[in-house]
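Chemist: The chain contents come next:
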Amino acid sequence: MKMQRIRVEQLRQFRQPLAIDELSDGINLFTGPNESGKSTLVRAIRAAFFERYKSNSVEDLQPWGDSSAAPEIEVEFLWQGERWHLVKSFLKKKRCDLQVGTRSLSGEDAEDKLAELLGFQYAGRGASKPEHWGVPGLLWIEQGAGQDVQQAVRDAGNHLKSALGGTLGELASSAGDDLIAQLDAERGRLLTATGRPTLEYKAALEEKAALECRVQALDEQIASYAQQVDRLAQLRADQLADQSKPWLQYRREAAQATERLRDVESLERDQAREQQALESCRESQAMSRQQLDEFASQQDQLQRRVDAHRQAAEAEKQLRDQGATIRQRVESAEAAYKKAAGRAHLARQKEQRDRLQRELDQLQLQLEEKQRHLGDAQKLLEQIRQQRVELSAIAIDDVDLKRLKGFVEKRQRLEIEEKAVATRLEYQLQPDKSLLLGNQTLQGQGEQVLLEPATLEIPGVGQVRIIPGGEDLADLARQRQQLSDNIEQAMTALKVSSLAGAEQRAEDARRLGADIQRNEDRLALLAPQGTDALAQTLALHEQQRQNVSQQLDAFPALAEDVPSLVVAEAEQEQEQRQLKAAEREHANYHTQLQLAEQATRTASEELHSLEQRLESPGYQETKSKVQEQLRNLQQQQQDLEKSLADRQQQIAAANPQVLRQDIQRLSTSADNMERLASQRALDIRELESKLEVLGGQGLEETRAEQAAALEQHERRCAELSRRAEALDLLLQLLRDKRQALTRRLQEPLQRHLNHYLQLLFPSARLEVDDDLVPRQLVRSADTAVGEFDALSFGAREQMGLISRLAYADLLKEAGRPTLIILDDALVHSDSQRLTQMKRILFDAAQRHQILLFTCHPENWRDLGVTPRELDGLRSMQV
Amino acid sequence: MPRFLHTADWQIGRQYSRFAAEDASALTEARIATVERLAQLARDENVDAVLVAGDVFDAQTVSDRTIRRLFNALAPFSGPWVMIPGNHDAALAESVWSRARRLAAIPANVHLVEESGIVALSELNCAVLAAPLTQRHTYGDLSDWFDTAETEPGWLRIGLAHGSVQGILADDIDSPNPIAADRAAAARLDYFALGDWHGAKRIDERTWYSGTPEQDRFKDNGAGQVLLVDIDAPGAVPQVTVHALGQHSWQQWQVSLRVASDLEQLIDRLDALPPQSVLDLRIAGQLDMQSHEQLEEALSVAEARHRAFTVDLGQLHLEPTEDDIAALHADGFVGEVLAELRLMQQGEKGEIARDALVILTGMLRDAGPREHVLGDAP
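Order-wise, the sequence lines are chains A and B.
The opening position of the first sequence corresponds to residue 1 in the working numbering, with each subsequent residue numbered one higher.
The opening position of the second sequence corresponds to residue 1 in the working numbering, with each subsequent residue numbered one higher.
Calculated directly from the structure, the hints in this document are not laboratory data.
On a predicted model such as this, the values are computed, not experimentally measured, just so you know.
Relax, there's no trap hidden among the hints.
Once the Cα atoms are required to be at most 27 angstroms apart in a straight line, the calculated BS3-like pairs of lysine-lysine come out as:
hint, chain 1, residue 1, chain 2, residue 2
1, A, K2, A, K838
2, A, K208, B, K349
3, A, K495, A, K402
4, B, K349, A, K737
5, A, K92, A, K129
6, A, K202, B, K349
7, A, K94, A, K54
8, A, K113, A, K92
9, A, K812, A, K737
A few chain B residues that face chain A, going by a derived Cβ cut-off under 10 angstroms, partial list only:
hint, residue
10, R14
11, Q15
12, G332
13, L357
14, L364
Chain A is faced by these chain B residues, among others (derived, beta-carbon under 10 angstroms):
hint, residue
15, G13
16, Q135
17, D331
18, E340
Glycine is no exception: its CB is placed at the ideal position from the N, C-alpha and C atoms.
Start from the sequences and build out the full structure, keeping to the hints where you can.
Modeler: Structure (structure tokens):
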């Protein structure tokens, strides 16, 4: 499509007509400052195509303030060799004429033809909106809308697809999407999005499941019913047997057995009785025998007693014989003991004597020592006394001494001071000359200290009075004098002649004091409590010694062969023990002897008494009676035993144990059977009534009904399931095909996009989605993918333009008209990008006519086209 | 010269789950109605007694109402009815019969034979030797005592039993309720009335199955009939007339449609069917769209005419012609989908594909020819 001419009149600032012709293929660049009408022209072109000529919503086309205007727009272009000429005027004069080659169209026919050619539609009412603009909406970029490509693509979507469908040699299915939507709705009536049954289908499945449960439950009930019917039949059959009351037979048998048992039991009782009789018979026999034994034993006893008596007498005699020996032993032991005791006594005495002697010797020694001590102590005492007298003589009070020393020292100091202060007179006289100082003659050389005024007489010369200066000196002299007096006094008081002497005396006194101390210490050692005490102690000791001596004298002399005390005492102890043993033996003997005598007496008594009894007549009689009794009893026993044996046989033959078991067995069986029979009757009645109730429920009929309903539901579910499957299949196929088609459309678009993109970003890709809307920009192989929306404004502008150029290429390939209008595009691009974009535009311009409006002519100088200034154009018209 | 009406296998209480609910209940109803018509026929034909050879009820626990209704249906004929329990309604310790007794539903003129024995119809000089089933499963021949049973001299001996005649019908070694093939002869029966086989069938000149008076399944040949039996005298060969009684004819067809004439033929056959039939159709083959529509129309008509109607189109493929497709204006990928579905009908998911194809063509057809207007906004 090649636009050839545009003319506007009574359109906004173009009250006077403005015509633009001589438009070329490729880029047509229009420049002009703001307000020069660039956008108005763009608006005019858009209005000529988009707005219905009858529209009343285009007042913005009128020149300001001129409501009577009839804006007119004229457009002429070539398409496929034919010339299309459109004249449209609005508002005051509504008109639309289109000439296509030789054909003429007007009004809505003309408008529809244009819409069909370019791929857009008209608004139903009111102004035309973006959703109506279709393909031109995509290619005619409004100011500041360059980056908004996604929405524009969507709005043009169907037009694009139908246009592009032609490239592929078939129509893209316009009905396809509607169909898909419809099918989806249909499917939605059966299945949820995730493929689960819903609504009617779900209800049918649930009902089916419920019916299955009900049928199953009924089946169970029916089975149970049948079971119970069978059981009833069984019970009835069993009951038949009960009719004859078979247990009665058992009862009869049991009764018979009981009879027989009773007989046996009476026999048993007899048996028991006789058994007891036998027992007592035996016992009586035993007693009789016992009695006879007693008789026998008594005879033995007699004999024993005789022997016993004899033995006792003999024992007694033996004992007596021993008596004398024992007495003798006792006496000798006594004698030995007495002797030993005497020796021990002597030994003790000697011991004591020796002890006294030792004590005495010791006392003597002590006494002598003590006397020595006393002597020494007394001497010391005297010494001390003398020393003390001495000391008192030479003692010097320390304080006085100190004072004296002080005086002396002070005086010495004063003298030194005097000398220092004093006038010194040094003289060196000629050998034979002399001076007279006071009354002192000075010769030779030397010096004199003058402490007081002095007169120096120089023979031959006169007198020189020398007055030593200073009050000090006089003062000093006075002091010195004072001190000297003090010293004198002190020394007199102390009775010394010099300090040295005083000090010496002090020293002596001290030494003496030390000596005294030493003596006193020694005295203390000797006589701690004093000498008097010591003397007293001594006296005591003496006394003591005298005592001991006296005691010793009291002792008699002793023989020499006295044994030691230890030995003697040991002997004595031994003899004492022996004596005791002998005495014990003696005592024993006495006791035994008495016992033996007693025994003899007793034995004798017993013997006599027994002899008497055994010889009494009554005794013999009793004995023979017992013997007879025994014989009778033995006979009785024999009889009884026989009787018992016979009866036992009888009893064994009757076998009572078995009888008892039989009775039990038979009675229990009869009881059980009777009980079972009555139970059975109860069961039957119960079962009959239960079955009556159950039968009345018409279970099988109900089950058949439910089963029928179940089958219905199963069929319905199957039907719905089939339908759902079919819908799924259909949807899947349609969607797959649609997607494949979309991809086929996408592919060339992708190709065109990338062609342009290479000029901007060498290894980038711009990816489009199923609706052919650009989505993601992939810069290079490893950079992260960026969403279109996330690009910068400038980048989006660039991408937007590139996309539209790609669509234009695509449309051109499909044989559709492509006219590109750019109203101040790429304002946000930096100069580097702008250069690249210009390359892209130049490339695109090889295929499409581009009308480029800008107020920045400087940016577009290197496009290879001559810009046309709008103002210039305008002025040319007038 | 007594005349009997011989019938059996009424199967009262049977439900037909394969049909739609209302059709099924109508069929269930029809069974009782047929008994009523049977009673009317017995009256109209001056029958002396009606012999019912077992399976009166389809189950033991039919509802009380059903029991009452059945016995009420016997009212038109006031003569004697001799009934024996069959295998469905065996005379167990507790059975539908004991329930019927408790309900006092059994009329006085009904001789219900619950134990093997002889029913003496003295006014007819006729002894009926009856062998009822008293167990759920019987493996012995319950009619073997017939051979040694004594009846009044000069009386007719009529046998009444329920089971399968050995060697005649297809049977396994252990088929339940066996009946000896020569029982009539061995027991000197004048007529042996049998039940269990649902089609009227002659075994020998004296032994017959009456079949069920109202057909109750597709397979049975000769169902829906009763037998009128005339016996001149004891020992004479009975004259047996088969009388159709059933209301509904059951048909099961397998049809293959390949060319247009096949479809026409089917339609003709459908038209020719007696009304109130019970029909089960299985259709295979392929049709173009027009024929398919035609078929659907015919099936709809048939459904309305007949008592019950089920059809299986699983093996029928839809093969639209080029014109069909063009008429649908299925363009672009929709057209591709259409073609693919056509092919898929041959494969595994054939039925689903066919269904999908039907849905798609239906929707396209309904949508009508579309103006190819550019820019229909979504």
